[in-house]
Amino acid sequence: MNWETVIGLEIHAQLATRSKIFSGSPTAFGAEPNTQANLVDLGYPGVLPVLNAEAVRMAIRFGVATGAKVARRSVFARKNYFYPDLPKGYQISQYERPVVEDGSLDIVLDDGTRKTIGITRAHLEEDAGKSLHEDFHGLSGIDLNRAGTPLLEIVSEPELRSAREAVAYMKKIHTLVRYLDICDGNMQEGSFRCDANVSVRPVGQAEFGTRAEIKNLNSFRFVERAINYEIERQIELIEGGGTVVQETRLYDPDKGETRPMRSKEEANDYRYFPDPDLLPLAIEEATIDEVRRSMPELPDEKARRFVREHGLSDYDAGVLTASKELAQYYETVVAELGSQAKLAANWVMGDLAGALNRDNLDVTQSRVSAGSLAGLLTRIVDDTISGKIAKEVFEAMWSEGRDADAIIEAKGLKQITDTSAIERAIEDVMSRNPGQLAEYRSGKDKLFGFFVGQVMKATGGKANPGQLNELLKRKLSG
Amino acid sequence: MHTLTVSEMSAGLRARKFSSLELTLHLLGRIERLGPGLNAFVTVTADRALADARAADERNAKGDGGPLTGVPVAHKDIFCTDGILTTCASRMLSNFVAPYDATVVRKWREAGTVLLGKTNMDEFAMGSSNETSFYGPVRNPWDHARVPGGSSGGSAAAVAARLAPIASGTDTGGSIRQPAALTNLTGLKPTYGRVSRYGMVAFASSLDQAGVLARSAEDAALLLEAMAGFDPNDSTSVDTPVPRYTAELKQPLQGLRIGLIKEFFGEGLDPAVERCVRGAIALLQREGAVVKDVSLPSLPLSVPTYYVVAPAECSSNLSRFDGVRFGHRCEQPKDLLDLYRRSRGEGFGDEVKRRIMTGTYVLSAGYYDAYYLKAQKCRALIAGDFARAFGEVDVVLSPTSPTAAFKLGAKTSDPIAMYLNDIYSIAANLAGLPGISIPCGFINDAGTELPVGMQLVGPHFGESRLLSVSHQYQLRTEWHKRAPKGYA
Numbered sequence: 015m016n017w018e019t020v021i022g023l024e025i026h027a028q029l030a031t032r033s034k035i036f037s038g039s040p041t042a043f044g045a046e047p048n049t050q051a052n053l054v055d056l057g058y059p060g061v062l063p064v065l066n067a068e069a070v071r072m073a074i075r076f077g078v079a080t081g082a083k084v085a086r087r088s089v090f091a092r093k094n095y096f097y098p099d100l101p102k103g104y105q106i107s108q109y110e111r112p113v114v115e116d117g118s119l120d121i122v123l124d125d126g127t128r129k130t131i132g133i134t135r136a137h138l139e140e141d142a143g144k145s146l147h148e149d150f151h152g153l154s155g156i157d158l159n160r161a162g163t164p165l166l167e168i169v170s171e172p173e174l175r176s177a178r179e180a181v182a183y184m185k186k187i188h189t190l191v192r193y194l195d196i197c198d199g200n201m202q203e204g205s206f207r208c209d210a211n212v213s214v215r216p217v218g219q220a221e222f223g224t225r226a227e228i229k230n231l232n233s234f235r236f237v238e239r240a241i242n243y244e245i246e247r248q249i250e251l252i253e254g255g256g257t258v259v260q261e262t263r264l265y266d267p268d269k270g271e272t273r274p275m276r277s278k279e280e281a282n283d284y285r286y287f288p289d290p291d292l293l294p295l296a297i298e299e300a301t302i303d304e305v306r307r308s309m310p311e312l313p314d315e316k317a318r319r320f321v322r323e324h325g326l327s328d329y330d331a332g333v334l335t336a337s338k339e340l341a342q343y344y345e346t347v348v349a350e351l352g353s354q355a356k357l358a359a360n361w362v363m364g365d366l367a368g369a370l371n372r373d374n375l376d377v378t379q380s381r382v383s384a385g386s387l388a389g390l391l392t393r394i395v396d397d398t399i400s401g402k403i404a405k406e407v408f409e410a411m412w413s414e415g416r417d418a419d420a421i422i423e424a425k426g427l428k429q430i431t432d433t434s435a436i437e438r439a440i441e442d443v444m445s446r447n448p449g450q451l452a453e454y455r456s457g458k459d460k461l462f463g464f465f466v467g468q469v470m471k472a473t474g475g476k477a478n479p480g481q482l483n484e485l486l487k488r489k490l491s492g
Numbered sequence: 016m017h018t019l020t021v022s023e024m025s026a027g028l029r030a031r032k033f034s035s036l037e038l039t040l041h042l043l044g045r046i047e048r049l050g051p052g053l054n055a056f057v058t059v060t061a062d063r064a065l066a067d068a069r070a071a072d073e074r075n076a077k078g079d080g081g082p083l084t085g086v087p088v089a090h091k092d093i094f095c096t097d098g099i100l101t102t103c104a105s106r107m108l109s110n111f112v113a114p115y116d117a118t119v120v121r122k123w124r125e126a127g128t129v130l131l132g133k134t135n136m137d138e139f140a141m142g143s144s145n146e147t148s149f150y151g152p153v154r155n156p157w158d159h160a161r162v163p164g165g166s167s168g169g170s171a172a173a174v175a176a177r178l179a180p181i182a183s184g185t186d187t188g189g190s191i192r193q194p195a196a197l198t199n200l201t202g203l204k205p206t207y208g209r210v211s212r213y214g215m216v217a218f219a220s221s222l223d224q225a226g227v228l229a230r231s232a233e234d235a236a237l238l239l240e241a242m243a244g245f246d247p248n249d250s251t252s253v254d255t256p257v258p259r260y261t262a263e264l265k266q267p268l269q270g271l272r273i274g275l276i277k278e279f280f281g282e283g284l285d286p287a288v289e290r291c292v293r294g295a296i297a298l299l300q301r302e303g304a305v306v307k308d309v310s311l312p313s314l315p316l317s318v319p320t321y322y323v324v325a326p327a328e329c330s331s332n333l334s335r336f337d338g339v340r341f342g343h344r345c346e347q348p349k350d351l352l353d354l355y356r357r358s359r360g361e362g363f364g365d366e367v368k369r370r371i372m373t374g375t376y377v378l379s380a381g382y383y384d385a386y387y388l389k390a391q392k393c394r395a396l397i398a399g400d401f402a403r404a405f406g407e408v409d410v411v412l413s414p415t416s417p418t419a420a421f422k423l424g425a426k427t428s429d430p431i432a433m434y435l436n437d438i439y440s441i442a443a444n445l446a447g448l449p450g451i452s453i454p455c456g457f458i459n460d461a462g463t464e465l466p467v468g469m470q471l472v473g474p475h476f477g478e479s480r481l482l483s484v485s486h487q488y489q490l491r492t493e494w495h496k497r498a499p500k501g502y503a
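Residue numbers (my numbering), protein chains in the order written: chain A, 15 to 492; chain B, 16 to 503.
Any given hint could be a false lead.
If you anchor each label on the Cβ, the simulated ranges turn out as follows [stated by the list, open to error]:
hint	chain 1	residue 1	chain 2	residue 2	range
1	A	259	B	384	20 to 30 Å
2	B	372	A	151	33 to 43 Å
3	B	431	A	274	41 to 51 Å
4	A	271	B	365	47 to 57 Å
5	B	384	A	124	39 to 49 Å
6	A	44	B	431	51 to 61 Å
7	A	95	B	347	20 to 30 Å
8	B	347	A	118	51 to 61 Å
9	B	48	A	145	51 to 61 Å
Source of the hints: derived by calculation from the structure; they are not laboratory data.
Remember, it's a predicted structure, so these values are computed and weren't measured experimentally.
Glycine is no exception: its CB is placed at the ideal position from the N, C-alpha and C atoms.
Okay, chain A solo, but in the shape it has when bound (with noise of 0.2 Å):
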C-alpha cells in the first residue's frame, strides 16, 4: 500500500525581550539556578502577573509578516497541571482566542517549486522551569530561571507531507523569527524548538491516521530524523496489523528512535480558563498598523529584490536570504564593490561559506569582513589579480587577518599585464617545447591548454588571462 504522511508542526519560539512576560525578572540564558526568579516567577502568594507590552508587539510583528489576523481582542487562559517545575499550578496561556490567527508561509521544495503552508495560530505563553533529574542523589532540582520566560507558540496547519517539509518549514519560521528580531533562534539553549505530529493515511484517504506527539525537538536534524523514524514506525505497525496509538513520544538522539513518554497517572484534563487575573488583551488597529510600518524587508521580499536588481537566480538570491545576516553581508560587499553582483554573489555562497563552515563560525564572526572581501574583489575587476590568484589571496586573508592589497604587495601576486613580460614567458615556453609547438602548427588545436598552463606556471599564475590568451594565439600561430 502507498502512505501518505500527514505532518503539523507546534514552534515554540522564546522571544527576545529582555524581561519575562509577567514579571520584571531577566531572561538572559545561563545564569545559576534559580537566580532570575522573582516572586512572581516563583508563583508567592499575593502576587499577580503583569503583561510585558514588548512581548505582545513581537507577537503582533509575526502576525503582520506572516499575513495572518492579529486578533483585536485575544484571552490569556490557565492550563492547570500539577509539576515542581510549574510553580503557581498553572501555565498562563492563550486558549481559545490567541493573538494571531490564519497565517501562512511559502516554502521551496526539493524540486525547487513552491508550497504555502497555513499557519493555524500563534499564541503567548509563559514557559515552565526545569527540573534536573541528576546529580541530586535520587532527587530532583528544579531551576525556575526559565519559569516566566515569554514564548510564541507557533501552529501550523497538517499540511506537512514529510520529513523534508517540515525543516523547510521549520527552517523558514527560524528565518523568519530572527528577521523580525523577535527570537535569537538559539536552539541549543531551547529558545527554538517544536513538537511534531504526525500520523500516516493510506494515499488518497480524506482522513487523518492517528497522530503521535514528537515532543522537544530541538535541531533540525532531529526533526527530520525523528518524524522518519516515525513516519516508518507507523507504517509497519499499521502493515502487521497493529494500530497507532495516540500519545506523547520523545526521540532519543542516540538510538535514533521515539519512544512513548513515561505516562503520567491519568490523562491530564487541564481545565483551562480565562485568567481572572489579566484583562484580555485589547490591541488598537493603530498599534498594528505601527507595527507594519517598521516592518522590515522579509527574507520572500528581499529575495525577490535580489533577483530583480542583482540579477541573482532564485536559488542563488534564497541561500544569500536564508539568514539576516549573510543577506547583509553579501549587501554590504555588492555595496562597496558598486557592481558585480553575481561576482559577490559566488564569492559569499563558496569561499566565504566555506571557510566558515570549516571553522564552525557565524557569519557575524567572520575573520574576513564585508569591506575586506570587496576590496579583495576590487582586485580582481580591476584585472590586478585573476580569479584563482584571489582565492589564495582570501585564504591568506582568512588566516592572517589582513587586507587584500597588503597580502597582493607582501606576496607579489599582481597580476602581470606587462605585454612584453607575457610574451617573454611565451616565449621561453615555446623554445622549451619545440615537439608541443609542431603538433599545434600542424592542427592539434587542443595543445593550446597546454601552453596557458605552461605559462601561468611560469609566471606563477600571475600573466592576466586574457592578455595572455590573445597573445598566445598570435605567437602560436606564428
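Please build the complex by placing chain B on the supplied structure of chain A, with the hints as guidance.
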C-alpha cells in the same frame, strides 16, 4: 482612648492630647487582656507597633505627619506583610513569613499607620462565620456564644471590641459587609479594581476586593482614601483618580433616589431584621430621600452562580500551595505525588477542600460549559440587572444578611445554610459593584441584643455616594456608636 474613632484619634494626635505611643500601648494592653477571649488576632505585632508608633510620634513632632500618622490599625491575615507571619488562617501557611508587603499594607504604612497585628479569618477567606480558621473560631463581642460573621471575622471582632479603631478586610462574597452587620460596624467593599489586590492572597480573583471595617463611614472614607488607587502590579486595578472621599461626605440626602431590592425583602429574611431596615428606610425618606421598589429578577441566581465561579477560581489559585516552595510540607514524602497529596491533605481544612473539589469539577472537560460558562452568563445577567436599576435610582438598599449573628456551630454541618448567609451580599461581587453595610438597629434574641446591618450598593466607582449616604445617616442616628458590653 480606645473609644475614639480614627478621625478623633487623628485630631487628638495632632493636638498633642496623646502620643501614638500612648495610644498604641493602650490598645496593645486591651489586645492582651481582651483579645484571647475573642480569638481576634492570629499575630500581635507588639514590637513592630511600638517602633511604628515612635516613628510616627517623631514625624508628628516635626509637623510632617498626615492625618493617619500614628493611627493604629490591624490587617486581615490575608495581606502579605514583609517579615511577618501571613497565615490566611490556614495550616498550609502557618509557617509562612511573607517576603513583601501587599500594596494595601504598604499604602497604609506609608500613610503613617501603626500595625497592631494580623487578624483571624476564615481559612483562605472561605466561610461566613469565621469557624473555618485553623486557629479556631472568632467570637462575637456582642455575644461570645455567637459568630462574628466571616470571613473577615477577626477584623470585625477587633474593631467592634475597640481593640483597634479600624481594620482591613477582604470581601469576595460579603466577607466585609456581613461581619460588619453582625458586629455593628461600617464595612465597605469598594468597586472591583478600586483597591489593588497585589499581595492579598487570592481566593477568587475576579471577585476579591479589599476594603475596611470601621466604626463610622467617616473613618471608612479616610482609610479608603489611603488604600485606593491604580497599582501597576495589579492588571485588574483601575486607573481612575481617587476622589477625596472625606471631602464628599456632606452630599445631602435630599433628593437621593433609593431602590429597595424587591427580591431581598422576601422569604428567609428574619422579620426582626426587616423591621430594623424598614425603620432606617423611613428615616431616610423623612430626610428627603425618594424610595421606590426595584426588581432585579436575576439576583436569585447569585448564590449558585457564586458557588461555581468562586470555587473554580479558588481551585486554580490554591494550586501553588503544593509543599514545594513555601508553606506546609508533609514529613518524609515518598515521592512527588505523595508530597502533593499529603502536604495539601494536611495543610487545607475541610471547607477549603470542599471548594477546591467543587471548582475542579466545574472546570473539568465535559462540565465546563454546563457550569462555568453558564455561571459567567448568569453573572452578566446580574450585572445587567444592576445597570438597569442604576438607570432609575442612585443606590439600591437591602438588608446585609438575612439574620443577626447566629450561634457558633449552628451551621457548620450544613454548608448550604452557611452559604445562604451571603444571599444579599454576593451579587455586588458578581457585578463588581461597591457595597457598604452600616448599623441600623438591634434585635433582641432571647434577651441578647444583636446588631443589624443594612446594605447599600452603588454603581461602579460610586463609593463616594455610599459613604456620604452612610455618613448622613450616621449623623442622624446613634446605632453605630453602641459598643458591646464589656468592650466600651
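Hints, verified against the model:
no. : hint                        : verdict
1   : A/259 <-> B/384: 20 to 30 Å : holds, 28 Å
2   : B/372 <-> A/151: 33 to 43 Å : holds, 36 Å
3   : B/431 <-> A/274: 41 to 51 Å : holds, 46 Å
4   : A/271 <-> B/365: 47 to 57 Å : holds, 49 Å
5   : B/384 <-> A/124: 39 to 49 Å : holds, 46 Å
6   : A/44 <-> B/431: 51 to 61 Å  : holds, 55 Å
7   : A/95 <-> B/347: 20 to 30 Å  : holds, 25 Å
8   : B/347 <-> A/118: 51 to 61 Å : holds, 55 Å
9   : B/48 <-> A/145: 51 to 61 Å  : holds, 52 Å
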